[in-house]
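Visitor: Sequence:
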Amino acid sequence: MAKNIISNQAPKGMADWLPAEFAVRNYIFTTWEKVCRAYNFERYLTSTLENADVYRAKSGEDIGGKELMVFVDQAGRELALRPEMTPSVTRLVSRVYDALPKPVKFFSIANFFRNERPQRGRNREFWQLNCDIFGSDNIASDIEILTLALDLVLAFNPPRDSFVMNLNSRHLIDGLLDSLKLKSEQKIPVVRLLDKYTKLSADNFLGALQELSLNNNQIDEIVKFLSSRNLNELVERLPEFSKNNGYLELKNIFDELEALGYGDYIEFNASVIRGFDYYDGMVFEVFDKHPDNNRAMFGGGRYNGLSDIFGVKNFPAVGMAPGDESTRLFLESWGLIEKLDLNKNDKLLFLPLLDKTLSLATKKLARTLRGAGYQVEMSFEVIKMGKALEYANKKGIGSVVIFGGDEATKKVYKIKDMQTGTEKEVKIKI
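Each step along the sequence shown adds one to the number in my numbering, with nothing skipped, and position 325 is 336.
What the hints contain is simulated information worked out from the structure, not anything from laboratory work. What you are looking at is a predicted structure, and each value in this text was computed from that prediction instead of being measured. Among the hints, erroneous ones may be present.
No more than 30 Å apart at the CA atoms, straight line, and that leaves these computed lysine-lysine pairs for BS3-like [to be verified]:
#1 Lys192 / Lys210
#2 Lys194 / Lys324
#3 Lys350 / Lys405
#4 Lys421 / Lys367
#5 Lys198 / Lys324
#6 Lys358 / Lys427
#7 Lys405 / Lys375
Work out the full structure: start from the sequences and follow the hints.
Guide: Pasting the structure below:
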């Protein structure tokens, strides 16, 4: 009988990371953590599995519906692999909210799963940084999330004018819907269509509005709103928005971000809606401006009305979630990865076994060096010095420890710098 050969490729939409690729992802993750720690966010983690209804409630028709990876456990419960973190962290915080000092500032770096069609920048498994502030409805918490988002991009030292943060407010969207006098059943489909404004041709967008039974006047108001290039133009075209909470909120945000020195990175964009049903205030998206990768990198916003799905009183919340793949594409597009020497490690040493009789002594030396903070790779077999240097070169190890018979007699070892060829003799402490 022929042997059943199993593919050695990762499942569709998933990825294996060999050490070189993991080094890039680890650089992204450690940079994220460094910036979050600078703002004194605390790290947490939730379960990979959740009750599927956690996401069905307010994650939207795609993420909470067709993209949800669901299975039934032995007790008949429907569980889902988490497709996003916001409902999960809200569930976690809702259990302990009353006992925590406010504001609560949490971050996590975790993997997620969505049953969507894999494409450039979108995989079925992906990693995200999630940063959230709970317990403050003050605009200062919105400002902190926005400056944190900008600093997360700036931490990678991108070139000037390589990205932009587009800001909007769900209060403005609500004001638009109210002015259109829509029927209740029209509102959600219209909002979801507005979110696709930049992805559809003008004819397809207008046709879709007509299919939702909007009249010409309503469509004209929507186009005026979506095509406004800044807040001033918005209130010139639609004067009633000058008293809208979203307009006043965004004006304050723009004024403060500009005063803080972030003015070159921010713009108003009425088409930024964010497709999640739980957003109810300020929303934003950060866009890569590279012509080969002109796309949204990540976004976030205010979501004060989510926690009641867990049977507790709603509490204020604002957050965001950069992804690893979109961040990697941003770095790659602007040539930022190739400038990095991710394998450079001054603490990495190769310690070859040069003499079989020195096996135990070499192991003891390795233990001593590791105890001193070095990363030490040993050879398992006796190896000649020339082969040892060749191996270190192939592995990108910058220093080789020389410990042969002469060194053992003198109770020393030498560290050879592979770049300069220089050697430093060090006494072995007994």
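Visitor: For every hint, state whether the structure bears it out.
Guide: Taking the hints in turn, this is what the structure says about them:
| no. | hint | result |
| --- | --- | --- |
| 1 | Lys192 / Lys210 | holds (26 Å) |
| 2 | Lys194 / Lys324 | holds (28 Å) |
| 3 | Lys350 / Lys405 | holds (20 Å) |
| 4 | Lys421 / Lys367 | holds (18 Å) |
| 5 | Lys198 / Lys324 | holds (25 Å) |
| 6 | Lys358 / Lys427 | holds (13 Å) |
| 7 | Lys405 / Lys375 | holds (26 Å) |
Every hint, counting from the list given before, is met by this structure.
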